[in-house]
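Chain residues, written in single-letter form:
2 protein chains.
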Amino acid sequence: MKAIVQKDPEDPASLVLEDVAMPELADGEVLVKVAAAGVNRADLLQARGHYPPPAGASEIIGLECAGTIADAGTTGREVGEEVGCLLAGGGYAEYVAVPEGQLLPIPKGYSLVDAASVIEVACTVWSNLVMEAGLGRDQTVLIHGGGGGIGTFAIQVAKSLGAKVAVTAGSAEKLETCMRYGADVLINYKEQDFAEELKGQCDVILDIIGAKYLKQNMKSLKKDGHMVIIGMQGGTKAEINLGALVANRLTLQGTTLRARDTEAKAAIVAETVKNVWPLLESGRIKHHRHATFPLADAAKAHAALDSGDVTGTLVLTV
Amino acid sequence: MKAIVQKDPEDPASLVLEDVAMPELADGEVLVKVAAAGVNRADLLQARGHYPPPAGASEIIGLECAGTIADAGTTGREVGEEVGCLLAGGGYAEYVAVPEGQLLPIPKGYSLVDAASVIEVACTVWSNLVMEAGLGRDQTVLIHGGGGGIGTFAIQVAKSLGAKVAVTAGSAEKLETCMRYGADVLINYKEQDFAEELKGQCDVILDIIGAKYLKQNMKSLKKDGHMVIIGMQGGTKAEINLGALVANRLTLQGTTLRARDTEAKAAIVAETVKNVWPLLESGRIKHHRHATFPLADAAKAHAALDSGDVTGTLVLTV
Numbered sequence: 001m002k003a004i005v006q007k008d009p010e011d012p013a014s015l016v017l018e019d020v021a022m023p024e025l026a027d028g029e030v031l032v033k034v035a036a037a038g039v040n041r042a043d044l045l046q047a048r049g050h051y052p053p054p055a056g057a058s059e060i061i062g063l064e065c066a067g068t069i070a071d072a073g074t075t076g077r078e079v080g081e082e083v084g085c086l087l088a089g090g091g092y093a094e095y096v097a098v099p100e101g102q103l104l105p106i107p108k109g110y111s112l113v114d115a116a117s118v119i120e121v122a123c124t125v126w127s128n129l130v131m132e133a134g135l136g137r138d139q140t141v142l143i144h145g146g147g148g149g150i151g152t153f154a155i156q157v158a159k160s161l162g163a164k165v166a167v168t169a170g171s172a173e174k175l176e177t178c179m180r181y182g183a184d185v186l187i188n189y190k191e192q193d194f195a196e197e198l199k200g201q202c203d204v205i206l207d208i209i210g211a212k213y214l215k216q217n218m219k220s221l222k223k224d225g226h227m228v229i230i231g232m233q234g235g236t237k238a239e240i241n242l243g244a245l246v247a248n249r250l251t252l253q254g255t256t257l258r259a260r261d262t263e264a265k266a267a268i269v270a271e272t273v274k275n276v277w278p279l280l281e282s283g284r285i286k287h288h289r290h291a292t293f294p295l296a297d298a299a300k301a302h303a304a305l306d307s308g309d310v311t312g313t314l315v316l317t318v
Numbered sequence: 001m002k003a004i005v006q007k008d009p010e011d012p013a014s015l016v017l018e019d020v021a022m023p024e025l026a027d028g029e030v031l032v033k034v035a036a037a038g039v040n041r042a043d044l045l046q047a048r049g050h051y052p053p054p055a056g057a058s059e060i061i062g063l064e065c066a067g068t069i070a071d072a073g074t075t076g077r078e079v080g081e082e083v084g085c086l087l088a089g090g091g092y093a094e095y096v097a098v099p100e101g102q103l104l105p106i107p108k109g110y111s112l113v114d115a116a117s118v119i120e121v122a123c124t125v126w127s128n129l130v131m132e133a134g135l136g137r138d139q140t141v142l143i144h145g146g147g148g149g150i151g152t153f154a155i156q157v158a159k160s161l162g163a164k165v166a167v168t169a170g171s172a173e174k175l176e177t178c179m180r181y182g183a184d185v186l187i188n189y190k191e192q193d194f195a196e197e198l199k200g201q202c203d204v205i206l207d208i209i210g211a212k213y214l215k216q217n218m219k220s221l222k223k224d225g226h227m228v229i230i231g232m233q234g235g236t237k238a239e240i241n242l243g244a245l246v247a248n249r250l251t252l253q254g255t256t257l258r259a260r261d262t263e264a265k266a267a268i269v270a271e272t273v274k275n276v277w278p279l280l281e282s283g284r285i286k287h288h289r290h291a292t293f294p295l296a297d298a299a300k301a302h303a304a305l306d307s308g309d310v311t312g313t314l315v316l317t318v
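Protein sequences, first through last, are from chains A and B. Per full-length UniProt numbering, the very first residue in the first sequence carries number 1; after that it's consecutive. Per full-length UniProt numbering, the very first residue in the second sequence carries number 1; after that it's consecutive.
What the hints contain is simulated information worked out from the structure, not anything from laboratory work. The beta-carbon is built from N, C-alpha and C at its ideal position, and this holds for glycine as well. Each hint should be verified, as a subset may be incorrect.
What the hints assert, rightly or not - Restricting the straight-line Cα-Cα distance to at most 25 angstroms, the calculated cross-link-like pairs of lysine-lysine (DSS-like) are:
| no. | chain 1 | residue 1 | chain 2 | residue 2 |
| --- | --- | --- | --- | --- |
| 1 | B | Lys222 | A | Lys237 |
| 2 | B | Lys237 | A | Lys199 |
| 3 | A | Lys215 | B | Lys212 |
| 4 | A | Lys212 | B | Lys215 |
| 5 | A | Lys219 | B | Lys215 |
| 6 | A | Lys237 | B | Lys219 |
| 7 | A | Lys215 | B | Lys219 |
| 8 | B | Lys223 | A | Lys237 |
Claimed, not checked - Here are the simulated distance ranges between beta carbons:
| no. | chain 1 | residue 1 | chain 2 | residue 2 | range |
| --- | --- | --- | --- | --- | --- |
| 9 | A | Ser160 | B | His50 | 40 to 50 angstroms |
| 10 | A | Gly243 | B | Pro105 | 31 to 41 angstroms |
| 11 | A | Pro54 | B | Glu82 | 55 to 65 angstroms |
| 12 | A | Glu10 | B | His50 | 51 to 61 angstroms |
Starting from the given sequences, assemble the full structure and let the hints guide the process.
See the structure below:
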């Protein structure tokens, strides 16, 4: 089969479509013929050598895809069934092996191309906001990077739960996008100190910045507040005041989706399908696809995402 | 009524028994005639001016007591009923006002004096190990200060849950105490690096040290590990590596019991009575009372606890 291979680990742009071995199915896995694969920021990190696949996962880039089952293996699935797939790797390819618990139905009204880029973001947002941080009605959530793919999705999930949503973003245009998706409090981090705006008001924070925002995030949390860090665009090493953590009974949690075991992923997939899929199908949550690229142009897709001008998601079509 | 009053905030030993106004009952509170009050490390902090009572709480020291209901107020309780009390303050006195949700039955087989010092530790240990950190069967928990009042109680609760228990303490004698209470892994922190001994093995850590242990604690946790900080004997300011927090999906939580609202305290009290009281009554958990002092000798009790030679708990009798 053909797949994207990185020729030169020193050169993130050296992503080339070439022949590789077909994946082998383990027990409980199906073989999916990929129609489209989502492009995520984590893929850019992997292409730079900063985010190696977890042990046992495919070396091929790609954390989500949609397609049809080509071989049902030991599962009772039907060949030809259309599925979405949450992957530990391997999406940038013609075929990928997927544990059955990481298969998702295609939301009604969605094409395979539309579905390919909604899986990772939906599972990330639901697992962190709800399953980990317990966000609920009448709570306040702060979402950093509100204009990005995770941000716009998180805004809509939080609003659907009945939460009040504050966002940070770096331009009036991105904040306008956040407002369209339902954000209640818009903060331009280049002009305002979000901790001053939100001091002690947030029940939950979804953070992609890390070290640079740690102190301000802790100041923004309410008593018993819960902060989930899923990205560290602002560095990893920070000073922490444990006195404030204890006095305000704060929870600081780091999470990743990719390296979890199949059991944990299956639980996240099941909850996401149960709770988020109806919102996609009713149109309550809108998923904005920015652009598609042929699989062979993966390097161009990466360059587009890296430019920072993308407000929706990118998809590679096979 | 008589109560312990601190005459000189600069002098933690200036604790004098003198006349003060009777507490006034708010709606839903009962008046308890105190028979005995537990002495906690937090009381020493308060006597040094480092742990002021939360808004609305009594200025009088004392986080737990046992006694009889003298006035049932608006509750349906019976005057004369023997009760234990989880307090935000006010225990070092002849009478104290207590929200009904913070009343506990006296465990069968316990005297009021025995019961007075088991309430704070039982609620602290159960709420943190189980309600917050989710400790369960076949998990490994690390308990710092295993020989202290919280430590010995936590060891027994963890063992009753079917967990494997590692402890740190600063002497062979204290480790011997931990072993008697059921600890499986004994670490002398003066001679061993606990993080080297436990690298990546702990599901849960109950920490009373704070900054000094943060890095080693994070290294000791398993993937998805959960650490609860309830004390900061080793300082408050530390450097944290958020990269490790995210990569290992760690949760770092600070908690206190005292400042929680009455609803949260009532939930903790209810779970503690339901789960821990049967273990006290069956003798599965042993509660070791070290010594009693008359209420007037509160300063002596504080000096004894401060000396660090106490392995059980101290009680003031009224």
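Consistency of beta-carbon spacing, B:His50 to A:Glu10, with hint 51 to 61 angstroms:
54 angstroms, holds
Next pair to validate is A:Lys219 with B:Lys215; report whether the Cα-Cα distance is within 25 angstroms.
22 angstroms, holds
Given pair status - A:Lys237, B:Lys223, alpha carbons within 25 angstroms
The given pair, whose Cα atoms are some 19 angstroms apart, holds under the 25 angstroms limit.
Does the beta carbon distance between A:Ser160 and B:His50 stay inside 40 to 50 angstroms, or does it fall outside?
44 angstroms, holds
Within 31 to 41 angstroms or not, the Cβ separation of A:Gly243 and B:Pro105?
35 angstroms, holds
Check the hint pairing A:Lys215 with B:Lys212 against an upper bound of 25 angstroms on the C-alpha distance.
Holds - the C-alpha atoms of B:Lys212 and A:Lys215 are around 19 angstroms apart, at most 25 angstroms.
Is the hinted pair B:Lys222 and A:Lys237 satisfied, with a Cα-Cα distance of at most 25 angstroms?
20 angstroms, holds
Agreement of A:Lys237 and B:Lys219 with the hint, judged by alpha carbon distance not exceeding 25 angstroms
Distance ~15 angstroms between A:Lys237 and B:Lys219 Cα, so the pair holds.
For A:Lys212 and B:Lys215, compute the direct alpha-carbon distance and say whether it is at most 25 angstroms.
19 angstroms, holds
Are A:Lys215 and B:Lys219 close enough, with their CA atoms no more than 25 angstroms apart?
This hinted pair holds, its Cα atoms lying about 22 angstroms apart.
Taking 25 angstroms as the top limit, are the C-alpha atoms of B:Lys237 and A:Lys199 close enough?
Measuring from Cα to Cα gives roughly 21 angstroms; hence the hint holds.
The hint says 55 to 65 angstroms between A:Pro54 and B:Glu82; measuring C-beta to C-beta, is that right?
Holds - the Cβ-Cβ distance for A:Pro54 and B:Glu82, about 57 angstroms, lies within 55 to 65 angstroms.
Hint compliance for this structure: every hint is met.
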